[in-house]
Amino acid sequence: MKKRFTQLTQLAALVLLLSLWSASAWAQTTVSGRITDAETGEGLIGASIVVKGSSQGTITDVQGNFSLQTTMTPPFKIIVSSVGFGSFEQTISGSTSDIRVQLSPSVIMGDEVVISASRRPEKLTESPSQISVLTATDFDRLASFNVGELASKLQGVEFVRTGVNGVGINARGFNNAFNAKILSMTDGRNSMMAGGSGLPAGIMNTVIKEDIERVEVVLGPSSSLYGPNAHNGIVNTLTKDPRKYQGTTVALGAGNQNVVSARLRHGQVVSDRFAFKVTGEYTSGRDFDFQDSVYVAGFAAAVPERNVDLNFRHIRGEVAAYYSINNDMDIIASWGGSINNFLAVNNVGRNQIRDWAFSYAQLRFVSPRWFAQVYNTWTEVGRTYGIFPYTRDYTTRRALGNTEEQAEAFALRPGNQFAEMSQRLNAEVQYNNNFGGFNVIAGLSYQLDRPNTFGTSLVDGRRPDGTQDLITVSQFGGVVQVDREVVNNLKIVASTRLDNHSVFGNLFAPKAALVYNALGGSFRFSYGRAFAAPLILFQSANVFNLVFGNGFGVTYRDAGGVERVTEPLKPEEIGTFEIGYKGVVANKKLFIDLNGYYGNSRNFLSPAITLFGTALRVGDRPVTPASPAFFLTYFNYGEVASYGTDLGLNYYPNKYLNIGVKYSWFGSDITDRNNIKNDANKDGYVSAEEASLNAPEHRAVFSLGVQNLAQGRLYANLSVRWVQEFDFYSGSQIGTREGKGRRGVVAVEPGINPVTGLPRATQILKNFDHGALGGFTTVDLSAGFKAQPWLTIGAGVSNLFNVEQREFVGSPAIGRLYSAEVRFDLFQKKR
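Using the working numbering, read the sequence shown as starting at 793 and increasing by one per residue.
Check each hint, because a few of them may be wrong.
Unchecked claim - Here are the simulated lysine-lysine pairs, PhoX-like style, with alpha carbons at most 20 Å apart: (1) K1381 / K1447; (2) K1447 / K1362; (3) K915 / K1381; (4) K1578 / K1447; (5) K1447 / K1380; (6) K1469 / K1362; (7) K869 / K915; (8) K915 / K1380.
To be verified - Quick list of the computed label-pair ranges, beta carbon to beta carbon: (9) N1500 / A1539: 53 to 59 Å; (10) T1463 / N1500: 42 to 48 Å; (11) N1379 / D930: 35 to 41 Å; (12) P866 / W1162: 20 to 26 Å; (13) L1217 / A1094: 41 to 47 Å; (14) V1274 / P1542: 54 to 60 Å; (15) A1539 / W1514: 28 to 34 Å; (16) R1465 / R1205: 18 to 24 Å; (17) T1040 / F1091: 56 to 62 Å; (18) T929 / N1594: 24 to 30 Å; (19) R1465 / L1044: 51 to 57 Å; (20) N1446 / N1467: 48 to 54 Å; (21) S1294 / G1228: 36 to 42 Å; (22) Y1308 / K1362: 33 to 39 Å.
Hint data in this document are derived by calculation from the structure and do not stem from the laboratory.
Only a predicted model underlies this, so the values are computations on that prediction, with no experimental measurement involved.
Positions of the beta carbon are idealized from the N, C-alpha and C atoms, including for glycine.
Based on the sequences and whatever the hints tell you, model everything.
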């Protein structure tokens, strides 16, 4: 154990050394002045002023005045920015109290200041990573409660919709029903679900649309800054500071599918030191009609899912208090929670989510040099149950002569109905400074997962002696990042992170990038290495006695009666090269975002894949399989190469019009069925499900937007989205072109299983196959009108021509959705 922590101890010592070293650098340089609107001359409230290359900054007061104290030694640059305005850089040569900056309103992309790519403020066009941004303006112009809809317009993002309220995002292929390839964060907090799943909260998140300042999406390996499971990127939601966004907002919306939504946000500055905000939402509706099939042993035909409740309801809210110790130090305390009812897809069918609660409590300390936080996340699944086993067992019991009440009670027994009270504790400290032109960030983080599913979805039930057999997983990591401008306009960025995982040991993730500023933007070249530690669910699952975790090996009895053990999962390791350009050219009318990547994954983590035999134990914990013939579990492939390119163009001929085109191509050698390395379950044959991209190779979005009409009060947007047709496999779920309209089957050629020496099964039965996904072109249209400074009316239609939009297995085809919304902005003090 001592050796395992040697490197971590060195990183911790480095953080301490940097903080002690900084003691000699606390001489303060003071910069103050006023930020105004170039068109009106009025002071801008809440404009951001940050020292370039650091995390030091401040915001303007109600008159647009600011005072910034920094330990940076002149000369240095400050970046001034505000939502809806272009950013501005100014060189500071000494202490000064007369900085005057006028910001002009901007509609062009590229002016934004982002923080997620480097964990410090920087211009979007100078970021060392592929990053896209959704701003508060984008959300204000969305006439729907479902903020996830905007992800379909983002560069490089694979957007999927599973229903009226269900949306998800992925990047760079290999999607599945339990996808955690992209880390979700909110205000620097890991906002993934606590407990067994570790999945994105998605529609169960606690943030309402009106409290989002921006969303930053970073694609590519991000483990070097954010730890394991940031291997395909991060989605960081940043909420509004009540000191910057004061006042009350009330939004009321409605649409087809019985959708109604009411939301409230109130932000208030109480004194020079104290401010708070409160948010809340109630949204309900009805999903599209869809009833899947359940195959029950002994029945000649499939039976329909029983008692599917298509109604959904979400209640969410947050409260946060901001206390300023002085001009440079803040303490922020926040709490949020949600209660949810809806339908969700899993690897073998669907879950009826009933009263699922998700909540968190967070405490942050923010200063020019230090950032520290501690937070806890809770998950309680309420009365959620699996529709597949519920339908199967009810049907079987009724056939055996049980009464309806007896069959119902048996079908909703523990295991079919989930129970979970899980939590996750996180703590983090981060330090930044500048030493002789080197900008340094160093930090330590800790995570402790404590799932408790009472044996209903993990192997964590009670032992025979009555004691609770709980699972705990801890991670402790350290990170150091350094960047420096080595020659004029050329910057090098390097970071390294070491995590100690209680199950998988030490995980090392370096990243390096070169960024060259030229031609209105920057060219970048980077290499990043990342780790994906298998989810707790993948390690220790016992879902419906059918899907088992493989973190410690699954002991099973093959068809010949021989006991065997699967090879336990290892963390997936991804190394990716990227090259790209992001900039504004053609007299600042054309924004270009071009990115290409090539990645190689070792120990690639598969979706749930069928293995023939009778499961006996997960690790050392005995299980009772539902089927003696087969079960599902997770495997590592040998190596998988993936590659692709993303191109985004946005043209702004004037302040009234913008035209956008986004295109993505993705490919991988996993599709080579002649390469035995793609044989995940080691049966000597590469099946179609083992060789599936689970993503379209090509997809594109075209958009046309108008704004600033009718004296800046009218806006509208048209978008056209095309997704190529593709096959999809995840556990028992299947969607293929060839098998559409009948029970899903994965055909396997006759042969001998090299592991067991027995003939391998020649077909693997799946759920009903509703056909391939994608293969559609949809049109969305939206518009809004600011009738009064305090009143905005908006409306939108997605899938205008009502084409069959099938995006995910076990989900309905998405039809036309329309919505209307009215928003009241009362007592606003921003600008």
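Here's how the hints hold up against the structure:
1. The hinted pair formed by K1381 and K1447 meets the criterion: a straight-line CA distance of about 10 Å does not exceed 20 Å.
2. In summary, the hint linking K1447 to K1362 is not supported, as the alpha carbons are separated by about 52 Å, beyond the 20 Å threshold.
3. For the proposed pair K915 and K1381, the alpha carbon gap of about 17 Å is at most 20 Å, so the pair holds.
4. This hinted pair checks out: K1578 and K1447 have alpha carbons roughly 17 Å apart, not beyond 20 Å.
5. Under the criterion of a C-alpha separation no larger than 20 Å, the hint pairing K1447 with K1380 is consistent with the structure, at around 12 Å.
6. With a C-alpha separation of about 16 Å, the suggested pairing of K1469 with K1362 holds against the 20 Å cut-off.
7. Among the hinted pairs, K869 with K915 is consistent with the structure: their alpha-carbon atoms are about 12 Å apart, no more than 20 Å.
8. With a C-alpha separation of about 15 Å, the suggested pair K915 and K1380 falls inside the 20 Å cut-off, and the hint holds.
9. N1500 and A1539 have their C-beta atoms about 58 Å apart, which keeps the hinted 53 to 59 Å range intact.
10. A hinted range of 42 to 48 Å holds for the C-beta pair T1463 and N1500, which are about 47 Å apart.
11. One distance hint, 35 to 41 Å for the beta-carbon pair N1379 and D930, is violated here, with the actual separation near 24 Å.
12. Judged by the Cβ atoms, the range 20 to 26 Å given for P866 and W1162 holds: they are separated by roughly 23 Å.
13. Between L1217 and A1094 the beta carbons are some 44 Å apart, a value that agrees with the proposed interval 41 to 47 Å.
14. Between V1274 and P1542 the CB atoms are about 58 Å apart, so this pair conforms to the stated range of 54 to 60 Å.
15. Separation of A1539 from W1514 is about 30 Å and conforms to the stated range, judged on CB atoms against 28 to 34 Å.
16. Range check, R1465 to R1205: about 41 Å between beta-carbon atoms, so the 18 to 24 Å window is missed.
17. Checked against the given bound of 56 to 62 Å, the beta carbons of T1040 and F1091, roughly 57 Å apart, stay inside it.
18. In this structure, T929 and N1594 meet the distance hint of 24 to 30 Å, their C-beta atoms being roughly 29 Å apart.
19. Separation of R1465 from L1044 is about 53 Å and conforms to the stated range, judged on CB atoms against 51 to 57 Å.
20. A C-beta distance of roughly 53 Å is found between N1446 and N1467, which places it inside the suggested range of 48 to 54 Å.
21. Between S1294 and G1228 the beta carbons are some 38 Å apart, a value that agrees with the proposed interval 36 to 42 Å.
22. In this structure the supplied range 33 to 39 Å holds for Y1308 paired with K1362, their Cβ-Cβ distance being about 37 Å.
Comparing the model with each numbered hint stated earlier shows that hints 2, 11, 16 do not hold.
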